[in-house]
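Colleague: Listed here are the chains, written in short residue letters.
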Amino acid sequence: MNMLKTFSKGGVHPSENKISANRSIEILPLPQKVSIPVSQHIGAPATILVAKGDKVKVGQIIAQSAGFVSANIHSSVSGTVESIDAVLDSSGYKRQTITITVEGDEWESSIDRTTDLKKDIQLTSQDIIKRINEAGIVGLGGATFPSHVKLSVPSGKKADVLIINGVECEPYLTSDHRLMLEKGHELMVGIQILMKALNVSKALIGIENNKPDAINYLKIIAGEYKGIEVHALKVKYPQGGEKQLIKALVNREVPSGGLPIDIGTVVHNVGTAFAVYEAVQKNKPLFERVVTVTGKILPRTANYMVRIGTSVSDLIAAAGGLPEDTGKVVNGGPMMGKALVNTDVPVTKGTSGIIVFQSKESKRKTESVCIRCAKCVSICPMGLEPYLLNKLGQQMIFDRMEQENVLDCMECGSCSFECPAHLPLLDYIRLGKAEVSKIIRSRKN
Amino acid sequence: MFNVVLALMPAFAVSLYYFGFGALIVTLLAVGSCVIFEYLIQKYILKVTPTITDGSAIVTGLLLAFNVPSNLPWYIVVFGSLFAIGVAKMSFGGLGNNPFNPALAARVFMLISFPVQMTSWPLPVASRLQYIDAVTGPTPLAILKEGLKNGETISQMSDKIPTHMQMFMGLMGGSLGEIAAFALLIGFAWLLFTKVITWHIPVSIFTTIFVFTGILWLINPEKNADPIFHLLTGGVMIGAIFMATDYVTSPMNKAGMWIFGIGIGLLTVIIRVWGSYPEGVSFAILIMNAFVPLLNRYVKPKRFGEEVKKNG
Chain A
2 MNMLKTFSKG
12 GVHPSENKIS
22 ANRSIEILPL
32 PQKVSIPVSQ
42 HIGAPATILV
52 AKGDKVKVGQ
62 IIAQSAGFVS
72 ANIHSSVSGT
82 VESIDAVLDS
92 SGYKRQTITI
102 TVEGDEWESS
112 IDRTTDLKKD
122 IQLTSQDIIK
132 RINEAGIVGL
142 GGATFPSHVK
152 LSVPSGKKAD
162 VLIINGVECE
172 PYLTSDHRLM
182 LEKGHELMVG
192 IQILMKALNV
202 SKALIGIENN
212 KPDAINYLKI
222 IAGEYKGIEV
232 HALKVKYPQG
242 GEKQLIKALV
252 NREVPSGGLP
262 IDIGTVVHNV
272 GTAFAVYEAV
282 QKNKPLFERV
292 VTVTGKILPR
302 TANYMVRIGT
312 SVSDLIAAAG
322 GLPEDTGKVV
332 NGGPMMGKAL
342 VNTDVPVTKG
352 TSGIIVFQSK
362 ESKRKTESVC
372 IRCAKCVSIC
382 PMGLEPYLLN
392 KLGQQMIFDR
402 MEQENVLDCM
412 ECGSCSFECP
422 AHLPLLDYIR
432 LGKAEVSKII
442 RSRKN
Chain B
23 MFNVVLALMP
33 AFAVSLYYFG
43 FGALIVTLLA
53 VGSCVIFEYL
63 IQKYILKVTP
73 TITDGSAIVT
83 GLLLAFNVPS
93 NLPWYIVVFG
103 SLFAIGVAKM
113 SFGGLGNNPF
123 NPALAARVFM
133 LISFPVQMTS
143 WPLPVASRLQ
153 YIDAVTGPTP
163 LAILKEGLKN
173 GETISQMSDK
183 IPTHMQMFMG
193 LMGGSLGEIA
203 AFALLIGFAW
213 LLFTKVITWH
223 IPVSIFTTIF
233 VFTGILWLIN
243 PEKNADPIFH
253 LLTGGVMIGA
263 IFMATDYVTS
273 PMNKAGMWIF
283 GIGIGLLTVI
293 IRVWGSYPEG
303 VSFAILIMNA
313 FVPLLNRYVK
323 PKRFGEEVKK
333 NG
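Residue numbers (my numbering), protein chains in the order written: chain A, 2 to 446; chain B, 23 to 334.
A couple of the hints might just be wrong.
[Claimed, not checked] Taking lysine-lysine and the DSS-like style, the derived pairs with C-alpha atoms no more than 27 Å apart in a straight line are:
| id | chain 1 | residue 1 | chain 2 | residue 2 |
| --- | --- | --- | --- | --- |
| 1 | A | Lys10 | B | Lys65 |
| 2 | A | Lys10 | B | Lys217 |
| 3 | A | Lys439 | B | Lys322 |
| 4 | A | Lys119 | A | Lys10 |
| 5 | B | Lys69 | A | Lys376 |
| 6 | A | Lys376 | B | Lys217 |
| 7 | A | Lys376 | B | Lys245 |
Quick caveat, the hints were computed from the structure, so don't treat them as lab data.
Model, not experiment: these values are computed from the prediction.
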């Protein structure tokens with residue numbers, strides 16, 4: 002048997018349910034209006050540059066990065082700014098949002114709209130990072146961390162390998178899978194651009210073994226590009242967790258509380274690498290992305306190329322509309338995603354998929370008592386004790402939670418998934434993480 | 023839970039074969055009274071929704087029955103069940119909260135309260151058709167303890183002690199469910215296969231007992247029984263596989279499980295060889311149960327990225 006690489010500690014195997022895996026990427030028709038929040042990334046919200054009534058073009062910057070950890074926001078459509086207001090987004094919070102009425106489809110003239118593959122990389126390392134920063138690129142795997150920050154290696158540290166995350170370990174989601182199959186060459190050039198920016202000679206693409214077509218295809222074309230290797234990984238959740246992926250591919254452990262660069266690695270998602278290609282070679286800012294729309298009860302599932310700001314309800318309408326028996330609509334994957342209160346929220350840079358669940362699939366199972374079976378401890382990929390953190394969270398003993406390293410939790414949800422007593426372990430752990438972070442911040446001030 | 027019940031069925035079948043009528047009565051009584059007591063206590067004293075459908079009372083009843091002689095008078099069985107459920111389990115808050123394994127706590131309570139009845143062991147097959155008036159005889163461990171006390175050597179006692187094969191098949195005096203190692207090992211395989219338990223606790227207990235008694239045996243084989251004898255007698259199998267692995271009363275991580283298992287192994291041998299009781303597994307498990315909260319507090323699983331932080 003072929004030994005596939007994987008991470009060593011913990012992990013679970015939820016049903017894969019990749020029902021939209023063989024649906025090619027379709028371009029979603031332009032919506033009538035878009036709502037673009039100015040906070041679509043980790044870090045400071047961007048500063049708004051337009052006013053009500055302004056005319057904007059596709060790709061025009063409408064909000065500017067407000068600090069090092071922040072990102073530019075561009076208009077995804079052409080038309081008139083209808084309003085600037087605090088609007089509910091997928092997080093459940095109201096955020097400053099620019100709403101634009103769509104009129105035609107007029108793009109900024111600087112954007113190269115041809116589909117030709119541009120292989121030559123002319124920019125220097127610094128210029129590449131600058132361009133990526135200008136294009137408002139953030140991690141498209143879901144974490145939305147501004148990409149230029151990861152590429153600006155702090156002095157005294159050095160990257161020796163670039164890791165490309167094509168794992169897509171969340172069940173249901175297929176947007177990265179389709180991108181790898183349909184935009185392979187663009188992806189490879191994007192990876193070479195990232196390698197040049199980081200000044201590394203080696204890049205490893207990790208893909209879970211449930212996507213053999215993507216693995217084979219990328220292995221074939223990788224030969225045309227120097228220094229890029231493709232690795233098949235065992236199907237195990239959360240293989241796509243940054244720390245787990247590094248462990249699987251290069252067998253290094255990111256120190257607790259540290260960053261991948263501490264051990265010479267930088268990780269980018271395949272979606273991000275594709276966006277980097279478009280930004281650097283085609284001068285195209287990040288204003289659209291691939292979103293999987295899926296669910297067992299949907300009449301048709303799909304992978305759409307969607308303009309940022311399109312409402313989730315428009316996406317679902319394109320897939321046949323919400324079925325009668327809908328119980329829950331989840332933004333993201335079923336393991337880490339969050340249920341939407343309302344489908345009139347915009348697609349943002351972090352939206353990798355929208356999943357519609359039937360009411361019987363989405364009901365929480367009745368909780369019973371913890372019998373201390375220790376399953377949560379043995380599957381936790383970070384080596385934490387979820388049963389204990391849950392209990393401490395319920396009792397609000399936050400100093401103990403800090404000692405028990407609650408901040409190492411990456412919220413993968415494996416513990417809640419595995420718990421035979423159906424305890425929602427992650428809920429109280431999330432609460433604890435937020436409280437502990439607050440305590441640590443207040444200690445610094 | 024029902025996988026545990028299933029895993030106990032080979033041992034139950036063997037107990038019916040060897041002890042017949044008595045084994046059936048004691049088992050039905052123990053399971054029935056455990057379930058009924060749990061229901062009554064939850065409904066009328068604690069006033070909560072009874073949880074007898076979770077199967078935990080059935081497991082406690084089975085384990086309790088398996089740990090007593092098959093001719094134990096019915097009132098002691100019922101009394102033991104009341105202790106197991108009422109005192110050892112419910113008074114601590116019910117399932118998930120009891121520090122000691124309920125069946126074991128009850129067994130030790132019964133052993134202290136009814137020493138004569140709890141140590142008169144019916145002989146297998148000979149007693150198949152009797153319940154209370156069964157023909158009794160000592161267990162191999164009792165023969166050994168008594169013989170050594172009277173200055174006999176192991177080789178002098180060899181004709182009184184069953185062979186390893188007989189012990190493996192369960193042809194010896196003892197509690198009704200603990201005698202047949204092969205049946206318990208089948209249950210072990212089932213629990214591992216269905217991933218109900220991991221191998222860590224049983225294997226660490228077996229290894230510790232094997233190594234410790236092996237050393238004693240090598241030092242003086244005339245005064246100390248061989249390691250296989252120790253593994254096959256006195257409830258080591260049922261204790262290590264079914265009682266020590268009780269989720270509620272065992273540690274939550276692998277390192278803790280090792281320490282727990284080694285502790286049980288060491289205590290078992292110490293009690294058997296130097297203590298006043300011929301067998302020691304029950305006491306060893308209960309003593310180590312008491313250390314579980316401490317182990318959970320101070321023996322932590324290895325965290326991802328922990329070592330790198332220390333070195334960095």
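Colleague: Okay, which hints does this one fail, numbers in order?
Modeller: Failing hints, ascending: 1, 4, 5, 7.
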